[in-house]
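**Q** Here is what each chain is made of, one letter per residue.
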Amino acid sequence: SQQGEEDPQALSIQEGENATMNCSYKTSINNLQWYRQNSGRGLVHLILIRSNEREKHSGRLRVTLDTSKKSSSLLITASRAADTASYFCATYRSGGSYIPTFGRGTSLIVHP
Amino acid sequence: SQTIHQWPATLVQPVGSPLSLECTVEGTSNPNLYWYRQAAGRGLQLLFYSVGIGQISSEVPQNLSASRPQDRQFILSSKKLLLSDSGFYLCAWSPALTQETQYFGPGTRLLVL
Numbered sequence: 001s002q003q004g005e006e007d008p009q010a011l012s013i014q015e016g017e018n019a020t021m022n023c024s025y026k027t028s029i030n031n032l033q034w035y036r037q038n039s040g041r042g043l044v045h046l047i048l049i050r051s052n053e054r055e056k057h058s059g060r061l062r063v064t065l066d067t068s069k070k071s072s073s074l075l076i077t078a079s080r081a082a083d084t085a086s087y088f089c090a091t092y093r094s095g096g097s098y099i100p101t102f103g104r105g106t107s108l109i110v111h112p
Numbered sequence: 001s002q003t004i005h006q007w008p009a010t011l012v013q014p015v016g017s018p019l020s021l022e023c024t025v026e027g028t029s030n031p032n033l034y035w036y037r038q039a040a041g042r043g044l045q046l047l048f049y050s051v052g053i054g055q056i057s058s059e060v061p062q063n064l065s066a067s068r069p070q071d072r073q074f075i076l077s078s079k080k081l082l083l084s085d086s087g088f089y090l091c092a093w094s095p096a097l098t099q100e101t102q103y104f105g106p107g108t109r110l111l112v113l
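Listed in order, the protein sequences are those of chains A and B.
For the first sequence, counting from 1, position 7 maps to 7 in the working numbering; every step adds exactly one.
For the second sequence, counting from 1, position 102 maps to 102 in the working numbering; every step adds exactly one.
Treat the hints with caution; some may be incorrect.
One-sided and incomplete, this derived list gives chain A residues near chain B with beta-carbon spacing under 7 Å [to be verified]: (1) Tyr-98; (2) Phe-102; (3) Arg-104; (4) Gly-105; (5) Ile-109.
Calculated cross-link-like contacts (lysine to any residue; reagent style SDA-like; alpha-carbon spacing at most 25 Å) [as the list claims (entries may be wrong)]: (6) A:Lys-70 <-> B:Thr-101; (7) B:Lys-80 <-> B:Gln-45; (8) A:Lys-56 <-> B:Glu-100; (9) A:Lys-26 <-> B:Glu-100; (10) A:Lys-56 <-> B:Tyr-103.
Short, incomplete list of chain B residues facing chain A, as computed with Cβ under 7 Å [claimed, not checked]: (11) Trp-7; (12) Asn-32; (13) Gly-43; (14) Leu-44; (15) Leu-90; (16) Thr-101; (17) Gly-105; (18) Pro-106; (19) Gly-107.
Read the hints as simulated data drawn from the structure, not as lab findings.
Model, not experiment: these values are computed from the prediction.
Every residue, glycine too, gets a C-beta built ideally from N, C-alpha and C.
Turn these sequences into a full structure, and let the hints steer you where they fit.
**A** Rendered as structure tokens:
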């Protein structure tokens, strides 16, 4: 079964608004990561949050992790048209697995 | 700094033809290497991963195979392509010790006709 599932599948907002994407997973994890993919390109790592962390910031990105609910959220503040991309969460299972599991992604469109 | 290369960028192949996609990593040693396939508008499907030369693990049974002839070279192959093999193929590497972050190549778009 899919370890990470993003929600919503698609999100359309106006420039300047905030964008929130959610990720749910099923098993215990060591860490959770968010990636970004521009159309037709490879994925780019955005941010990693460890299982013992609850919140992390990087520029306009804010990630939260709730291990009791097995969920994470990615918030992009003051969005820009250049933020248009697909966003994926990925998890490594606890126990030393080196196989990440990616969700299906959220497609974000930011209208100028 | 580390870089990852994939080629070709785009490929159009007839059904039944062979396939060879190559991925190379520079600036690191003994990386974990991964091949993914991404269908249009979908997530990533892990196809193969490798933790060392000659060590290949397959995640999905299919007509594809992978090889790692050198430490930083990962090759995806097929003897006979199917229509269902069309997709966007991504190679990625991660540090062997930390295994925390994956670094992706630019991808190869394969269209099988």
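**Q** Against this structure, judge whether each hint is valid.
**A** Okay, the hints, checked on the actual structure:
The interface hint given for A:Tyr-98 holds, since its Cβ lies 4 Å from the closest Cβ of chain B, which is under the 7 Å cut-off. At a threshold of 7 Å, the smallest CB-CB gap from A:Phe-102 to chain B is about 4 Å, leaving the interface hint in force. For A:Arg-104, the suggested interface contact is upheld, since its CB lies about 4 Å from the closest CB of chain B, less than 7 Å. At its closest, the beta carbon of A:Gly-105 sits 6 Å from a beta carbon of chain B; the interface hint therefore holds under the 7 Å criterion.
With its C-beta approaching chain B no nearer than about 13 Å, A:Ile-109 sits outside the 7 Å limit, and its interface hint is violated. A distance of roughly 20 Å separates the Cα atoms of A:Lys-70 and B:Thr-101; the hinted pair therefore holds under the 25 Å criterion. A threshold of 25 Å between alpha carbons decides the hint, and for B:Lys-80 with B:Gln-45 the separation of about 20 Å falls inside it, so the pair holds. Between A:Lys-56 and B:Glu-100 the alpha-carbon distance is near 16 Å, which keeps this suggested pair within the 25 Å criterion.
Between the alpha carbons of A:Lys-26 and B:Glu-100 the distance comes to roughly 19 Å, so the proposed pair stays at or under 25 Å and holds. For the hint pairing A:Lys-56 with B:Tyr-103, the CA-to-CA distance comes to about 21 Å; that is within 25 Å, so the pair holds. The beta carbon of B:Trp-7 is not positioned within 7 Å of any beta carbon in chain A (closest approach about 13 Å), and the interface hint is therefore violated. Contact between B:Asn-32 and chain A, as hinted, is supported at the beta carbon level, the nearest pair being about 6 Å apart and thus within 7 Å.
Given the 7 Å rule on beta carbons, the hint for B:Gly-43 holds: about 4 Å separates it from the nearest Cβ of chain A. For B:Leu-44, the shortest C-beta to C-beta distance to chain A is roughly 4 Å, which falls under 7 Å, so the interface hint holds. The closest approach between the C-beta of B:Leu-90 and any C-beta of chain A is roughly 6 Å, which is under the 7 Å cut-off, so the hint is satisfied. Among the interface hints, the one on B:Thr-101 holds; its C-beta lies about 5 Å from the nearest C-beta in chain A, closer than the 7 Å criterion.
At a threshold of 7 Å, the smallest CB-CB gap from B:Gly-105 to chain A is about 5 Å, leaving the interface hint in force. The beta carbon of B:Pro-106 is positioned within 7 Å of a beta carbon in chain A (closest approach about 5 Å), and the interface hint is therefore held. Given hint, B:Gly-107 at the interface with chain A, holds; its Cβ is 5 Å from that chain's nearest Cβ, closer than 7 Å.
The structure does not agree with the numbered hints 5, 11 stated previously, though it agrees with the rest.
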